[in-house]
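**Student:** Now for the letters of each chain:
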Amino acid sequence: MRTTDLIPADVRARLKAFRLQARRISGAQGIGQHQSRSRGAGLEFAQYRAYEPGDEPRQIDWKLYARSDKFFVREAERDSPLIVWCLIDTTASMAQSDAARPEWSRLQAAKALTACVIELALKQGDRFGLIAVNDHGLVVVNAGSGTRHRDQCLLELHKLQAKGHWPSESQCRPIWERIGANTLVLLLSDDYDEACVSLAERLAVARREVLSVQILTAEERDFPFQGGHRFRDAETDTELLTNAAASREGFIEQFSAAKRTLAARFAASGINHVDYVLDQPLDTPLRKFFLPRTSRHQESV
Amino acid sequence: MNFALLVPGALAALAALLIPLLIHLSRRSEQRPTDFAALRWISAQLRPRRKLVFQEIPLLLLRLLLLIALALFLAKPVSMQTASPTKWVVVVPGADMNAVKDSVSNKKSEWHWLAPGFPDFEEKPVIANLNIGSLLRELDAQLPATTSLTLIVPEHISGLDGERIRLSRKVDWKIVPGAMPAVPAIETKTPIRLAIRYDDAHADASIYFRAVQLTWQHDQKASERDSLDAANISTILKPGRNALVWLATGELPSEIRDWVNKGGTIIVSKETRAPEMKPGVPVWRNEQGRVLLRAAPMGQGRILQWQQALKPEAMPELLDAGFPAYLQAVLESAPSAPTRALATSQTPLSGAKIFAEAPASLQTWIALLIAILFLLERWLANAPRRWSTA
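Heads up: the sequence lines are chains A and B, in that order. Taking this note's numbering, I'd label the letters of the first sequence as residues 1 to 301. Taking this note's numbering, I'd label the letters of the second sequence as residues 1 to 390.
Chain B with its partners taken away, still in its complex shape (with noise of 0.2 Å):
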């Protein structure tokens, strides 16, 4: 165990050393004088020598041992553990009992799950929605660079993240039979139900988008299609709608700001003024290069613009067969990465960034330290005493 300071420039407040070493140096006797009658028979010749003397040694060494303790303090003193080399063998939810039992012979390193935590083998660990990627990298990183590490893991391993995993040591990466629970696809897809409000400027321009939605309903079964919902923009919006086409000029009414801000996604025109569209990012481009269309996030919601004019001669995808599809993949969020692979292609690389080890704050120790110190100084200078004449 090494110490180190991690505010060594704090140690100048060791220079308030003086301030004890001044208060106990005795001079008390050449201040005040003492009435003395008979002063005419000491010899006045002799001048007094001037020597350093301290009074009360112990309670002066004490405040001295106090104000270091301060200054140590104040100068976070940590201690860098250097632990032992020992070996973690860790499980992998879903291996075969008994196949790791026979696993690794030797029963003295430390028996961890891989689960949040990492709880010791004997408990029984939550091992729903594992992430083994994360909690690998975790416990890689928690872990001292001398420590080495077994891993037991089932032949199918899930809750893999899209990058491969990377630790800062070699590991030995056991595989016994056995599989995680697969994680059930969470249905991303939920299908946009379109809503069209249009000022009277803007009458023209909604027609594409009724088209839109009746593309879209055409591949729908008869049962889920929605009805068209294109109206002027005083219409109240019916509830069950995702996604607002809103084609006006000037600013968004409060009640549709709400309703985006609440999760719907809405699609305004190059008119529409929508200070959300600062720092948004293109999502269109034509073959051009042009820009067509930008998304920007609102509240918990998804506010889109379009950057040019709703017209065939301005932006000629207006009537491209595609406008449709290309709208809908925009709209729909991306589907979710495989997370489940077989454990033989999953072995760890080595050659990730050793972390540092986090030193350990030896500043509670000092604070108790110097509690007992001040309650020592307290109780030795308040003891009754006597001054001495010298």
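Extracted from the complex, chain A is given alone in its bound form (with noise of 0.2 Å):
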């Protein structure tokens, strides 16, 4: 078994300077400033639960001590303004890695985006939930906050497998029973599949706040081939004998017009959209999307 921290020591030392925060939806909903849901106990009572050395005593529900002559603390649901969905496309060409780094496929490098994310949402408060995508059932962890929904949603994490295809759209209900409006979503993809696509777009039109990251290797950035090679398409296991250097210039010319494509349609829905490469640090995605606008012009500067 590898190591259990999906996130690299120098990253999560960086994931200091980033903020989880949404464009359209922030502080429009919930009560008071967004930095200030950490603190304190909500209004939704959640639960009674036993107290334990270190609880505050003024969460003591002294009413029902009086009657018990037990120590209870209440406890409140933190109703936060922002949830994050972490969507992970688990199709079998996220399996996919460079020959330079064959253990960082695709999938390693979303589940360690997730993390990282996961461990912003806690920071911060914020609820987080997990859908993972492919044809062999959805794997879901409702929205939740606190270490121990952490800790569940990294369990899963590392279970997860990429295999199969994509959904059809009868398995896809799921996603959109429980990612409710005005969330934020982070699609974490290669976005080959023309229906990962469009369920992106079509999360965007229904005011969900989609970030898409396209996760590419640098093989298929760079094409470093030569001589004759037999490429194999892992999901429609279709086979492709060709010479490699001679088609390299075709390939990155039409693979970047479809970059360009896919990018220009994400626009158009509103989706923020960054493509990663898989030789470039893993936080690179996060700093363009959640870097505060001030200390992102520090960096540009």
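Treat each hint with caution, since some may be false.
If we take Cβ atoms under 8 Å as the criterion, some of the chain A residues that face chain B in the derived model are [claimed, not checked]: (1) Gln-96; (2) Tyr-192; (3) Glu-194; (4) Ala-195; (5) Phe-231; (6) Glu-235; (7) Glu-239; (8) Thr-242; (9) Ser-247; (10) Gln-254; (11) Phe-255; (12) Ala-258.
Taking beta-carbon pairs under 7 Å as the criterion, some of the chain B residues facing chain A (in silico) [stated by the list, open to error]: (13) Pro-33; (14) Asp-35; (15) Ala-37; (16) Ala-38; (17) Phe-73.
Treat the hints as calculated values from the structure; they're not laboratory data. Small disclaimer: the values here were computed from a predicted structure and weren't measured. Where is the CB? At the ideal position from N, CA and C, for every residue including glycine.
Fit the two chains together into the complex; they arrive one by one in their own frames, and the hints show the way.
**Tutor:** Shown next as structure tokens:
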């Protein structure tokens, strides 16, 4: 078993600078400032739980103590204005990695990015959820908050495996049921499935704020192959025997054209889109999404 | 120095060179498919060009070299050494030292003793019982044909054999004063001490051998005479006898056999069964040419068998007055030939067959090369590497 921490240490150190924020949703719902949500208990009653050393005495329900002669702490559900959903593509193509670094697959990068976002949400007291998509059945972790919820999400993340295809429309229904309006959706995919792209577009149209990270391998960007080569697409199971060096220019041209088309489509739908190549630092896409404007400005200077 | 292969057919093993070539042929990139999800943007029209590409050229070369060395090893390479002409001066022990020093002025030549192993002149050779003729032939066969040979011999040489010395080259035969120690003559003549054993059927025949025994005793001094030992076959043989006349029908008893095997001489009658006589040769024919006696080796001893019935009418020689002398001549071994002569009379003849020089085998060196190449190959093959993705 590999190390259980999905986030590299250097990236974890840089996470402090990031802040989850939504363009449209920020401050529009809930009470008070967004950053004040983590302090104090919420209004909505959630449960009683037994007193544990370290709890503040003012949180103890004294009326209940009078009745039961035991300390109970009144817990409230902290209704955060921000819910982050991580939508992870786990189709077979996500298993692809570079030959130079075979263990660092697309899916591994997606898991690490998800873990980063979960850490950010936990730090801010925001709620977060997780949906992994392929046609072997969706993996859904409901939106929640707290370290225990984070651990549950990480546990599910570790179990994810890349296999199968993008699911059909009916199989995708839980996505619409869970992800409510005015939430932040982070889509982690290679965006090669048309169904995936159109799902993102429709989510954006239906008042979800969608952030899309297209995860590419360095081989797809550079095409460093030479000589005769047998390529295989794991999802469609088609093979192609070709002279790699000769087809390099044509591939790079067509591939960047496809990328431009995709970026244009996402821009038209109001989706914040960025691509991440596997040999870049992990926080490159996070930097574009979540760095506060002032510090982003400082960095560019 | 020129090389030759004793088994050139083994070079067929060079066909094995194909194996590493095939192993190193770069085909793995087409064998193993690469996962590539962005397949739809690759134009499929371009077929891969077939091009022979070898991977890991140094390792390939090393393996080819190793196989070539192996094939060479199997082909048994030898080198013919054409040594530069040298001069050998060989001194026969017994030559007067001062005369030796004076006789040859050229000190550049190699000086040796004529002794087993041809030791250096500085050493003291073992000079007992030298066989001069044999040593000279050995030296002649060992030395390359280009080496000139000077022999310094004393006036009297011993240790010669029956054949005149004949060498492949002309030698400088220098005679200096001195003499080889005389080999003491070996007393080969041992007196025959006869015993006679007979069964009832051959009691008559035994009288001729009693007569022979008595005749032999007659010539000897009274102190050396043996008593007559003639008895029935059941009588045990006394120690000290070295010849036995066995006149009986049927097989030889095992104790008699053991006695002969230890070096005794036995003369058996025609009726005695003796399987050892198969390879026997005639040793005595009469005037008509009929074989009277055949002899064959038996263990360390000798067995002889009469080929005629021991009766005067079948073998009149029994009554001949010369019969004991004839029998004695048959039983006694021949005297040794003279081995001592004057050096002047023994100048070696030339014209003997030239022996082909034994080529030096190079297999040891090739084996060493193979071992080194093998270690290098293992080292290189196990070195950490990165397979190129090409």
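**Student:** Taking the hints in turn, state whether each one holds.
**Tutor:** Hint by hint, here is what the structure shows:
Of the supplied interface hints, the one on A/Gln-96 holds, with its beta-carbon coming within about 5 Å of a beta-carbon of chain B, less than 8 Å. A distance limit of 8 Å between C-beta atoms decides the matter here; for A/Tyr-192 the minimum to chain B is near 6 Å, and the interface restraint holds. Taking 8 Å as the C-beta cut-off, the interface hint given for A/Glu-194 is violated, the closest approach to chain B being about 11 Å. A cut of 8 Å between beta carbons decides the hint on A/Ala-195: the least distance to chain B is about 15 Å, and the hint is violated.
The interface hint given for A/Phe-231 holds, since its Cβ lies 4 Å from the closest Cβ of chain B, which is under the 8 Å cut-off. At its closest, the beta carbon of A/Glu-235 sits 7 Å from a beta carbon of chain B; the interface hint therefore holds under the 8 Å criterion. Interface restraint check for A/Glu-239: the shortest CB-CB distance to chain B comes to about 6 Å, inside 8 Å, so the restraint holds. At its closest, the beta carbon of A/Thr-242 sits 5 Å from a beta carbon of chain B; the interface hint therefore holds under the 8 Å criterion.
Using the Cβ-Cβ criterion of 8 Å, the hint placing A/Ser-247 at the interface with chain B is satisfied: the shortest such distance is roughly 5 Å. Of the supplied interface hints, the one on A/Gln-254 holds, with its beta-carbon coming within about 4 Å of a beta-carbon of chain B, less than 8 Å. Taken as an interface hint, A/Phe-255 checks out: its beta carbon lies about 5 Å from the nearest beta carbon of chain B, inside 8 Å. Of the supplied interface hints, the one on A/Ala-258 holds, with its beta-carbon coming within about 6 Å of a beta-carbon of chain B, less than 8 Å.
Below 7 Å, beta-carbon pairs count as interface contacts, and B/Pro-33 has one with chain A at about 4 Å; its hint therefore holds. Here the hint on B/Asp-35 is kept, as its CB sits about 5 Å from the closest CB of chain A, short of 7 Å. A distance limit of 7 Å between C-beta atoms decides the matter here; for B/Ala-37 the minimum to chain A is near 4 Å, and the interface restraint holds. With a least beta-carbon distance of about 5 Å to chain A, the hint placing B/Ala-38 at the interface is held under the 7 Å criterion.
With a least beta-carbon distance of about 38 Å to chain A, the hint placing B/Phe-73 at the interface is violated under the 7 Å criterion.
Checked against the numbered hints given earlier, the structure breaks hints 3, 4 and 17 and satisfies all the rest.
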